[in-house]
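Taken in sequence, the protein lines are chains A and B.
Each residue of the first sequence is one higher than the last, beginning at 1 in my numbering.
Each residue of the second sequence is one higher than the last, beginning at 308 in my numbering.
Please keep in mind that the hints were generated in silico from the structure rather than gathered at the bench.
In this text, all values refer to a predicted model and were calculated from it rather than measured experimentally.
Mixed in with the good hints, there may be bad ones.
[Said to hold, decoys possible] DEER-style ranges, computed between Cβ atoms: (1) A:Thr129 <-> B:Leu752: 36 to 46 Å; (2) B:Gly785 <-> A:Trp164: 52 to 62 Å; (3) A:Gly189 <-> B:Leu752: 54 to 64 Å; (4) A:Trp164 <-> B:Leu452: 48 to 58 Å; (5) A:Leu286 <-> B:Pro733: 50 to 60 Å; (6) A:Val282 <-> B:Gly785: 15 to 25 Å; (7) A:Asn130 <-> B:Asp894: 26 to 36 Å; (8) A:Ala184 <-> B:Thr761: 22 to 32 Å; (9) A:Phe7 <-> B:Trp583: 36 to 46 Å.
Cβ coordinates follow ideal geometry from the N, Cα and C atoms, glycine included.
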Amino acid sequence: MNLDAAFWIALFFSTLRQTTPLLLTALGGMFSERSGVVNIALEGIILFGALTAAVVVERVEHTLGPGPHPWLPWLGVLSAMLVGGLVALVHAVVSIKYRADQIISATAINLLALGAPSLVLTYFYGNATNSKEVANRLPLWGPEGFALSPLVYLAFLLVPLTWWVLFKTPFGLRLRAVGEHPEAADTLGINVYRMRYIGVVLSGVLAGLAGAYLAIGFLNQFVRGMSAGLGFIALAAMIFGKWHPLGILFATLLFGFASALAIQLQGTEILPAVLVQAFPYVVTVLVLAGFMGKSRPPAAVGRPYEK
Amino acid sequence: MLTDERRLGVLVALGGGVLLLLWYLAPWAVPHRLFGGEGVLLSPFGHHLPQGSLPPGYRDGWLLWTFYPSLAWLALTLVLAWTPKPARKLYLMGILGLGLFLLTYLLFQASVAQVNAGAERPILRRYALGLGSYATLAYSLYLLLLARLFSPGGLAFLVRRRGVVVPLFSLLLASLLGGVIVAVMKANPGEAKTLREAAMLKLDLITYTYQLLYSPLVNPSGFLQSLLLATPLIFTGLAVALGFRGGLFNIGAPGQLILGGIAAMLVGVYLPGPRWLVLPLAILAAALAGGLWGALPGWLKARFGAHEVINTIMLNYIAASLFLFLISANEYKFFGRTLYLPFKYPGYEARSHEIRPEARILHWTELVAPGGELSFALPLALLLGLLGYFLTRKSLGHRVLMGLLAGVVGYLVGGLLPGPAVNFGPDLTSVRLNGAFLLALLALLFFHFYVFRTVGGYELRAMGLAPKAAEYGGVLSGRKIVLIMFLAGALAGLAATHYVLGGGIDEYRLKQSLPYSVGFDGIAVALMGQNTPLGVGLAAWLFGILLTGGLQVNLQLGISRELVAVLQALIVLFIAAGGFLPRYFTDPLRAAEVELKEESRKREEREETP
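This is chain A alone, in the form it adopts within the complex:
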């Protein structure tokens, strides 16, 4: 097995593709945690987003015919973002208004994401594991051979954008204040609950976007359990990236590289595929163990706020 230039180029582009959903989700998780709400429901929200995108596109094709509809994948993306936001809103209401344990409430949503897709798939397609393939996937932008999904570009553009929003706008200042010291923020007239709702819903919208990327950008259908822990890895990347957009970019690139390497090594005789698949998860454990001590979460994260 010789590792020639083609291998490295393929690895590079694969890294970009693998990083995209992680980056989107991790940036979302950052908004939520910066506002003081842990959101491990992102894993489930990715699944809901993917399911929505695949089913919406397929259903519209079913009524309008398969013929190319350039707008259709974007409708799928928007509906996935909407559903992602709504599911996150459930987590927000339960954990902000009803002061539930944020991890338990999010786990409930993750459990729901294991069961609910089967019901929807059985209803529409009569099988419990995957949706019908769609004809209208997201387009590829870029020169022939090196084209990437628009969501890949979007994800990387979001890094400076979120940095600007978080550190250069009044909104970002308020969001961070609410996550660091809600009592102080409250006395300054910031509506703690509203900021937290916004933070959590934003995280859901971005995770839904990541789900849409998986279903109609990366693949062309929904497959049960297709997120495979992406949401959790994204949270680890967010911790590793110290709740900062730039840090998150590098952290997700590391995880994306690990996943891409696993994919590129499959079918080669270097390492067995079943073991290589565990690679990103092992990296996550190592990273959390090695660097956790040095990164500091927002001070009020995980604590329900009471007026």
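We have chain A already, so just place chain B on it with the hints.
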């Protein structure tokens, strides 16, 4: 602001309105139903008869005998709710309502028996009461609850029992939402001519779904099957509950279960030896491997401060990879070199070699009736064990030891006694319930004694309630975290004994179909059971029933069995939100406030009326 008595009247009237609506819209009884759900729906306001007429020979006159008394009962209840001192009268009406429901049930059974009597094969099948009758039952219980709530000390009574109230109320809410889901997902069986008939069909569909879900309660083989499915849930539920008690969230039960399965397989397949040695060793190996896999994230948390939630989840994926690595192929390429593994059994399927007979956990028939004769070993062991425990008047250690010794003696003596021959039908013997169920019951006992009766358990609960105070009180928190996670992992690892050593998945092997996601179900079990051993046992059984019934729902109605998973998730969500009940049901401080207030009110009343 309404006075308490007015509010009671309004609540009674609201419930009465719902009851009247259900009486009108829902069927009162379904004397016959086809496979797939379509039924003959009887209602005093007009039947819905898809075949055009009542089944031949069936008489529906009994319906009026319950309908008019029910109407009179409801009218009287509504009036009495507005008279002075209504609580005691409502108790009476509630009990009367229960009587009415019993009357309805008996009359209906008699009417069906009349037709079926004498026929070679029953003419009427899948008969049951309908939502209209069940509504009477529900309203009676509602009246009793209201009466208790509005008599002195009623609120404190409920608040004190919040550990039961919150899970049950969450179950009720989840079931209502589940009903809506069923209504949306599934088209009506049969045609409706009017809006009322459409509503009737829909309500009947929902009722039938839940009837199927809970059907294992009244069906012997379903009952055994529900215990079978409850077995691993007890273990994983305890694994999560132990973590919660110690302030840790163990989402790693699936991975710990996998490691337990691998270890049990290794010992069970490859260690030769007699039964008394190999079987305990295989079980211990499962516990140890699961425990170590659990201790790893515990150590990472204690040593590096890495959060256990993400680490346990990551270790689930890693365990799944390891599991597939061991049993999905026999040779692997490492950097061009070939590594040979002996674990996979030849063939297409990814599974291990068979567990040696010496290391298998016995099937339930062999425990209850070895050689076809009913054995007194287990009942006698239980009896003597309990006697030994309760009659010993010394320290806890002595009592447990005496209980164990007496249990062993009982088992040996009971094994010698001859018993009558019994013969179980194939529908019962085919259920693969096995001795792991007893192991699960022992695990419940262990949890109880360790958490609530030992110093170690006291420290564990202190860690969960107030980690800093516990540390100040002398608990070595780092070590304790590792220990808690080890024990939790060991409990989850033991769940694998049911699958691998007990043949819970059709074969005595480690197979790719090992349903390790029951580790996640353990979260729902622990929350539903409020982290108490009795609660975990009951919650595991409840989910075992629902999962068994889910199979029937899938077969008869074509609704995915994942409906049960959705119900579980909703239950977790609602319990997390405290059932959307007032704060004093979730916050211990506010609960204490309520109780104090009720106490002082009682005292005042006592002083007023000497």
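Verification of the supplied hints:
no. : hint                              : verdict
1   : A:Thr129 <-> B:Leu752: 36 to 46 Å : holds (40 Å)
2   : B:Gly785 <-> A:Trp164: 52 to 62 Å : violated (41 Å)
3   : A:Gly189 <-> B:Leu752: 54 to 64 Å : holds (56 Å)
4   : A:Trp164 <-> B:Leu452: 48 to 58 Å : holds (56 Å)
5   : A:Leu286 <-> B:Pro733: 50 to 60 Å : holds (53 Å)
6   : A:Val282 <-> B:Gly785: 15 to 25 Å : holds (24 Å)
7   : A:Asn130 <-> B:Asp894: 26 to 36 Å : violated (44 Å)
8   : A:Ala184 <-> B:Thr761: 22 to 32 Å : violated (44 Å)
9   : A:Phe7 <-> B:Trp583: 36 to 46 Å   : violated (57 Å)
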